[in-house]
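Here the protein sequences line up with chains H and W, keeping their order.
Numbered by the UniProt record's numbering, the letters in the first sequence go through residues 1 to 559 in order.
Numbered by the UniProt record's numbering, the letters in the second sequence go through residues 1 to 158 in order.
No wet-lab data here; the hints were simulated from the structure.
A few of these clues could be false.
[Stated by the list, open to error] Residues from chain H that face chain W, not an exhaustive set, calculated with beta carbons under 8 Å:
1) Gly-303
2) Lys-331
3) Ala-333
4) Gln-518
5) Ser-520
6) Met-521
7) Gly-539
[Said to hold, decoys possible] Here are the simulated EDC-like cross-link-like pairs (lysine to aspartate or glutamate), alpha carbons at most 16 Å apart as the crow flies:
8) Lys-101(W) / Glu-60(W)
9) Lys-517(H) / Asp-22(W)
10) Lys-275(H) / Asp-366(H)
11) Lys-395(H) / Glu-357(H)
12) Lys-389(H) / Glu-367(H)
13) Lys-101(W) / Asp-366(H)
14) Lys-398(H) / Glu-351(H)
15) Lys-47(W) / Asp-22(W)
16) Lys-70(H) / Glu-113(W)
Even for Gly, the Cβ is constructed at its ideal location relative to N, Cα and C.
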Amino acid sequence: MKREYPNQNHPLFNTSSSASPSSSVNLRPDLPGKSKMFDEFNEQDAGVDELLAVLGYKVKSSDMIDVAHKIEHLEGVIGNDDDLSQIVSDSVHYNPSDLSSWLESMITEINPIVQQPVVDTSFVNDLQAIPGNAIYPPTTTATKKQKTSVSGSVSSSSNNQNSIVIVDSQENGIRLVHTLMACAEAVQNNDLKLAETLVKQAGILAVSQAGAMRKVAAYFAEALARRIYRLNPKPEQNSPALQNLLESHFYETCPYLKFAHFTANQAILEAFAGKNKVHVIDFSMKQGMQWPALMQALALRSGGPPTFRLTGIGPRTFDHETDHLQEVGWKLAQVADTIHVKFEYRGFVAESLSDLEPSMLDLREDEVVAVNSVFELHQLLARSGCIEKVLSTVKEMKPEIFTVVEQEANHNGSVFLDRFTESLHYYSTLFDSLESSGSGGGAGHGGGVVVEGGGGIAPASDQDKVMSEVYLGKQICNVVACEGLDRVERHQTLTQWKNLFDSAGFESVHLGSNAYKQASMLLALFAGGDGYRVEEHEGCLMLGWHSRPLIATSAWKLR
Amino acid sequence: MSHSICDTILKTNKHNNFPINDHMDLLIEILQRLDGRSLSTAACVCKKWWSIVKNDSLWEHLCFRQLSMPPSVGIRSVVMALGGYRRLYLVCVRPVVSRLKRRRRVSYGESSEVEMWLSLFSVECYERLLGGGGGGGGVVAGESTAKSLRFLCEGVNV
């Protein structure tokens, strides 16, 4: 049984032809079996319209005609309003769930131009498996739409040729969250039919939102749909080139990675004080962005720089080019050379950190070791015994300091609904912070916007923001849609990590006031600066958005 | 533009019996008191002025002039290696200082601020290396700001 939107089936509407000039939706008028459905429609109703009831509106079917008339009237009024029709026709639509595949193709073409295709939002098609397709066109003029608040309207279409009346209201936002939660609960109870209906409703409601809420809802709805229809993407399919691209945009747009690097570097610098030969083992080599700053600080320390050895560990890259890890090493060596720091580098390919053995690393007697891990350890929790093995390997390296940066959230609970709720809050906060820092200079300071010389280059553009969102979207997908070994985004809170490290034989090293100062200064430089907070918690530093901590840096040494 | 203005200045100077271009030390004293923007403008006046302003020591002076203590030894060689003081000023010092001033935050301490400039500068230098595909002279080339420092740029009000 496929339920169409009730208004559409009603014979009264097919005659109406108040065509607004700016229709961005075309409902297919040629649906088969319409009259039959109309009978079905009448039969099944026991007073209250079912679909609207799910949305939270109690409308009697007998009143539907009235409601439809009112919507039509409203449509006419809004259609005559020049501003609004302008907004509706000017909006550019693109499809958040397709961005991943678009980006993959972009990498191979090496074409950096962003294409924003206009998508025909015909959401009549119930056969669309994933509601992400074509249902939520996030518009660039979303903020303007907020102003047009018409209370109490239903965001649906009343006529073949009318455009969507999109209304942003608080109630829809709350309903959206409730719908998502109800859907997650249905998934947990294995009630897939209900889940299916709910996830579609969530999709429709998401359209009425603006900004961060819309995007988060879209990603979560898509992830839920993937879970329902079992279209889980395997993590191995993520091409490292795409991951690197997304991560580097994430690095630029918001302070989380910079915070991680600067605070970890400060701890390592302090641990290396007075030592002449130092060796850093980096579990999260990626592009090596963390190390130039450390090398510079070592070059300038009193007493001169030590001999600096770096071992970078990363996954295999499938490029036809040369070994990516080696490339990164070369570039770092160039930097080290110019600032006169003796530098030695070794890159290790390891699909999983548990494959690492201390004997591979050529640990030397007279060297002081630091181990660094940024957002890597949580992936080990997918396989039992993995994290314990890695921690014992770290112990065998006898590090002077072990710096760990992880997401501050519990996304590894055994109950799906709890995980879902937690991650919904976490990523909503994260997306909120992206909204403000994305416009690099917009929200942060009052008064006019000044053109600065020295490059005069545009701040983090919408493209950067979008890339960061895709980066986070992949994490969301993994937390919600995957299970078992595939689910690698198993974030844990600092307290949980503390217990783990305590029982493994590590004790906490307090990050000093220098780290705190650097962190605060860094945040003050970001456009959304006032929203970010650094907090110190038992010697560890946490970066959060408003009152919610999002990532935590901690340092450890052997007991 | 520069020739005629230069001529005018020289003519005026001759008239006043004080050609500034004959007194380099005085010129440098004056230039040392200018802010970044004026210094850049001064570079456009004539070839002689350009060659003076191009010299990094003026920019070094500009970077550290607000600080109470002189920068520690060794900073100079690192900064020169990473791209020079003029670049440091344009890319790190000016944006950081103006942002922090605007935030009206409590002072973080001079050494912390200098550390921040240098950290950001080293990341920027590295990014240029990465982005340039290892092309020769990657450390000094190009005027475009590396992506990692874009967050320091102000928006353009179109």
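Right, here's what the structure says about each hint:
With a cut of 8 Å, the hint placing Gly-303(H) at the interface with chain W is violated, because the nearest CB-to-CB distance is about 11 Å. Of the supplied interface hints, the one on Lys-331(H) holds, with its beta-carbon coming within about 5 Å of a beta-carbon of chain W, less than 8 Å. A distance limit of 8 Å between C-beta atoms decides the matter here; for Ala-333(H) the minimum to chain W is near 10 Å, and the interface restraint is violated. A distance limit of 8 Å between C-beta atoms decides the matter here; for Gln-518(H) the minimum to chain W is near 7 Å, and the interface restraint holds.
At about 7 Å, the closest approach between the beta carbon of Ser-520(H) and any beta carbon in chain W falls short of 8 Å, and the interface hint on this residue holds. Satisfaction of the interface hint for Met-521(H) is found here, the shortest Cβ-Cβ separation to chain W being roughly 5 Å, below the 8 Å cut-off. For Gly-539(H), the interface hint is violated, the least distance from its beta-carbon to any beta-carbon of chain W being 20 Å, above 8 Å. Using a Cα cut-off of 16 Å, the hinted pair Lys-101(W) and Glu-60(W) is violated, with the two alpha carbons roughly 20 Å apart.
A hinted pair counts as satisfied when its Cα atoms are at most 16 Å apart, and Lys-517(H) with Asp-22(W) does not qualify at roughly 48 Å. At roughly 10 Å between alpha-carbon atoms, Lys-275(H) and Asp-366(H) fall within 16 Å of each other, so this suggested pair holds. Between the alpha carbons of Lys-395(H) and Glu-357(H) the distance comes to roughly 11 Å, so the proposed pair stays at or under 16 Å and holds. At most 16 Å may separate the alpha-carbon atoms for a hinted pair to count; Lys-389(H) and Glu-367(H) exceed this at roughly 23 Å.
Pair hint Lys-101(W) plus Asp-366(H) does not hold up; C-alpha atoms about 45 Å apart against a cutoff of 16 Å. For the given pair, Lys-398(H) sits about 23 Å from Glu-351(H) by alpha-carbon distance, which is inconsistent with the 16 Å threshold. With a CA separation close to 14 Å, the supplied pair Lys-47(W) and Asp-22(W) stays within the 16 Å bound. For the hint pairing Lys-70(H) with Glu-113(W), the CA-to-CA distance comes to about 62 Å; that exceeds 16 Å, so the pair is violated.
Hints 1, 3, 7, 8, 9, 12, 13, 14 and 16 from the list above are not met by this structure, while the remaining hints are.
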